[in-house]
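Residue numbers (my numbering), protein chains in the order written: chain A, 1 to 308; chain B, 309 to 918.
The set of hints was computed from the structure by calculation and includes no laboratory data.
For clarity, every value in this text was computed on a predicted model and none was experimentally measured.
Wrong hints could be hidden among the right ones.
As the list claims (entries may be wrong) - Straight-line alpha carbon distances no greater than 16 Å define the calculated EDC-like cross-link-like pairs of lysine to aspartate or glutamate that follow:
{"hint": "1", "chain 1": "B", "residue 1": "K444", "chain 2": "A", "residue 2": "E105"}
{"hint": "2", "chain 1": "B", "residue 1": "K377", "chain 2": "A", "residue 2": "E116"}
{"hint": "3", "chain 1": "B", "residue 1": "K444", "chain 2": "A", "residue 2": "E106"}
{"hint": "4", "chain 1": "B", "residue 1": "K442", "chain 2": "A", "residue 2": "E106"}
{"hint": "5", "chain 1": "A", "residue 1": "K262", "chain 2": "A", "residue 2": "E251"}
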Amino acid sequence: MSSTIAPERLSPPPLPSDEIVMEARGLAKVYRDFWGRQKVRALKGLDLQIRRGEIFGLLGPNGSGKTTTIKLMLGLLFPTSGQAFVLGRPASDVTKNERIGYLPEESYLYKFLNAEETLDFYGRLFSLPAKVRKERTAKLLDLVGITTARKRQLREYSKGMTRRIGLAQALINDPDLIILDEPTTGLDPIGCREMKDLIIGLKRQGKTVLMCSHLLADVQDVCDRIAVLHQGELKELGRVDALLKVQDVTEIRATGISEACKQEVLSTIARHGGQVQRVDHPTTTLEDLFLEIVHDAEARPGRRAAES
Amino acid sequence: MDTAPLLSWLQTVSVTALVAVGVSFLVSSLRYGPLLAGDQIYAVLVSALGDIFRISPRRVWAMAGLAIKESIRKQIVAGLVIFGLVLSFALWFLDSDSIDPGALYVTFVMNAVNLLILLLAVFLAAFSLPNDLKTKTIYTIVTKPVRPSEIILGRILGFVMVCTVPLALMGLGGYFFVVRALDHTHELSESDLRPFDAEEIAAGADPAGKQGMTSISRGHKHRVLLDGSGHGMTETDDARITGDQAESYLDRFGQSHRHSVTPRTRDGRTEYVVGPPEGQLRARVPMNGRLTFRDATGSVNQGYNVGNWTKRGYVAGGTLSTAIFHFESLKQEMFPDGLRVQLNIRLFRTTKEDIDKPILGSIVLRSPLTGLATSPRNFAAREFFTLDYFLPRKMTDASGKPIDVFADLARDGRLDLELQCIPRSQFFGVGPDDVYLMAAERRFDVNFAKGFLGIWLQMVLAVTIGVFWSTFLSGPVAMLATTASIVAAIFKPYLLEIVRGQLFGTAIKSAGMVEALIRLGTQKATMQELEAGTTTSVVKGFDSGLSWLMEGLFRFVPDFAAMSDAARVAGGFDIPAATLYAHELQTLGFALPVFFAAFIIFKLTEVAKA
């Protein structure tokens with residue numbers, strides 16, 4: 001999955017422009033039962049703007065209104081009040097879909113089609129000519145790493161593979177705006193990393209990505225800006241780095257220093273009136289450890305681990 | 309052209325559309341206020357028109373292709389084939405010795421296929437869209453630039469194509485089954501034959517020829533006439549020759565047949581080979597006339613009513629009572645040698661006698677323009693048999709003067725055919741379709757295919773109706789609703805009779821729902837009047853209101869009975885082009901508004917609503 005993305009990481013990402021590709025104005029959704037009685041107020045007057053070229057994350061616990069927001073933006077639901085605009089058009093206009101790619105929460109695909117047929121079918125819905133469909137299908141199957149399983153019906157696919165083909169169908173029209181609902185669910189750590197790399201790769205191609213997730217690490221790794229929703233209300237909105245930066249704490253990382261040197265640094269801090277909060281050796285993340293082991297195992301097959 | 313159905317259609321469609329818009333406006337007004345509601349409805353209508361006029365064939369085809377793949381991969385059609393095979397065992401129980409096996413087989417095949425294909429259409433159409441909504445696969449469809457109209461049209465088209473393949477296969481299989489099942493031969497040996505006697509030779513038979521009877525096969529045998537060389541044809545089942553009139557009886561539905569006979573010499577002995585049946589499956593093109601009656605005194609009436617419930621009028625024998633068929637636009641090219649008339653006459657006897665004995669009648673051709681008429685020609689009518697009667701072009705009038713049918717009688721294309729019953733106290737019964745001129749004979753296989761076109765059109769409607777219900781009902785409920793619609797469509801004429809209170813004919817109005825309930829409780833028969841009073845008027849008023857409402861609802865139900873041509877094909881009559889156009893118009897008239905309604909409903913559906 002990462003092979004075609006790697007070269008693009010070398011170039012600096014284009015800066016987000018001021019052009020607004022998605023906008024919610026006082027967007028609200030009330031779910032009602034059959035008799036029209038109010039059941040849930042899933043979204044309460046959301047105002048939001050997403051600019052071209054950024055990766056925007058919608059964060060929140062389960063039932064906070066993330067998926068409802070996405071469905072309203074896509075026209076899968078009709079707002080109770082307020083308006084949604086996508087690429088300058090109302091959300092209810094089907095022509096907006098020409099430049100949108102959407103990966104739903106679970107990949108809702110036709111299980112009786114195989115991977116190739118799936119991509120070909122969705123390509124037809126964009127009125128792509130046969131030649132283009134064929135080229136894109138081959139390219140995307142390679143990108144998401146299921147070329148070998150391209151003739152198998154989707155009913156035989158594992159959850160991770162279904163996720164990958166789901167992503168491929170979202171990219172079949174080479175969209176400008178990609179909407180990903182929980183993109184990393186069902187993926188193993190390698191798949192997660194590849195997905196994240198791919199999202200960053202899309203940004204480098206100048207595309208706008210809206211993703212929602214409740215996995216904070218994923219959002220932190222890739223998003224430029226985030227919005228935090230809770231019980232249908234917008235609680236926080238801003239740049240990830242700005243939001244996460246702890247302004248009055250300084251972290252110094254160094255290698256190859258002696259105990260004496262360490263004591264000297266500590267005393268210098270004390271002399272200047274600073275307060276040392278913690279001195280220890282950093283631990284790696286489990287994700288990094290896992291990836292290292294897998295890469296190591298691929299390089300040297302047959303080696304078994306002993307408990308350390 | 310009759311414009312009444314078109315006007316009724318326009319009325320139904322426009323009233324429904326207005327009611328739909330009105331109700332939407334009311335509902336919307338309650339929630340958003342009248343101004344915003346008006347805006348919304350206007351926006352929906354404008355965008356709906358856009359959806360209709362910007363349909364992309366490529367996307368529709370993609371959706372249709374998906375529907376086809378789904379049906380094939382989910383092996384829905386395979387299930388049907390198995391069901392069809394099981395049903396075909398029913399053929400064992402069809403009576404091959406019946407008077408008219410051809411009609412029996414054709415009716416069975418066409419009705420069975422009709423039922424099967426409607427069943428398949430219901431299953432396919434009713435479950436697909438609800439399934440997509442349930443599994444949420446619809447999310448990945450509607451987030452592509454696909455219009456709701458394309459999704460609905462694609463579905464309809466796909467399922468129509470899926471159903472067309474088994475329909476064509478079953479049609480082909482059915483045709484070969486009918487042809488094979490009817491195939492039979494008879495045995496004929498030298499000992500079955502005898503030479504003609506002197507009287508027969510005097511009447512024109514070949515002196516060197518022979519005659520005899522074949523063996524019995526499939527419940528019938530044939531009389532054989534052979535020429536001197538031993539070649540010849542069998543007669544139809546009940547053929548007889550009377551003088552110069554080539555008059556022959558066909559069996560009940562006119563599906564009679566003949567066999568050719570050829571001699572063959574083996575070991576010095578002559579054997580006869582009886583060929584396959586000919587003329588068993590036919591497609592006759594009848595030319596019908598307008599029917600009027602004159603009573604015993606010669607004045608116009610409806611024909612006598614002999615008491616039994618019937619659409620026929622009766623002619624009293626031995627009086628001036630006459631049945632007159634008025635033919636129009638008669639052309640010489642259609643009947644170059646003379647007129648072939650087929651008569652299906654019901655007999656009503658008021659004296660006790662042999663039931664099989666024919667009753668004599670007479671035919672006169674008259675010019676409505678000049679009143680000039682031919683001398684009466686006699687014929688013998690038999691109950692339940694079609695009489696094939698030939699009237700040559702050159703005939704004579706009552707004074708013996710020669711008359712040409714076209715030059716003297718039908719100069720303006722109009723010709724009256726008058727039928728009278730000769731013996732006193734016997735009656736002839738005829739209806740408008742019972743006597744007709746044989747304008748032409750067409751190919752049976754083509755006619756069979758035309759019959760299947762009617763089935764195909766019913767299937768198209770069934771698919772459209774199924775897709776319509778499935779846009780807002782869950783799979784099983786949509787299937788029930790579709791099945792109910794189709795049952796109503798198949799039995800529409802009967803159900804309309806109930807609704808209109810015409811179960812016992814137009815003369816007596818049968819009771820409505822509440823009245824029937826009261827009659828059940830009070831044990832009052834239909835013929836007994838209810839006591840006049842407020843209760844009775846309220847009950848009758850309620851019933852007629854209900855009847856009016858139900859009759860209105862039936863405007864939304866297509867008439868499958870009218871679209872089924874099985875009886876016509878089995879009866880050996882050609883399906884006229886006008887009938888096919890009528891079927892096509894009916895299909896279009898229903899399918900278009902139903903499609904539009906389905907697509908509007910789907911457009912207004914929140915697909916992600918849990």
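Each hint tested on the structure:
1. Restraint check for B:K444 and A:E105: satisfied, since their Cα atoms lie roughly 10 Å apart, inside the 16 Å limit.
2. At most 16 Å may separate the alpha-carbon atoms for a hinted pair to count; B:K377 and A:E116 meet this at roughly 14 Å.
3. With a C-alpha separation of about 9 Å, the suggested pair B:K444 and A:E106 falls inside the 16 Å cut-off, and the hint holds.
4. With a C-alpha separation of about 13 Å, the suggested pairing of B:K442 with A:E106 holds against the 16 Å cut-off.
5. A hinted pair counts as satisfied when its Cα atoms are at most 16 Å apart, and A:K262 with A:E251 qualifies at roughly 14 Å.
Of the hints listed earlier, there is not a single one the structure fails to meet.
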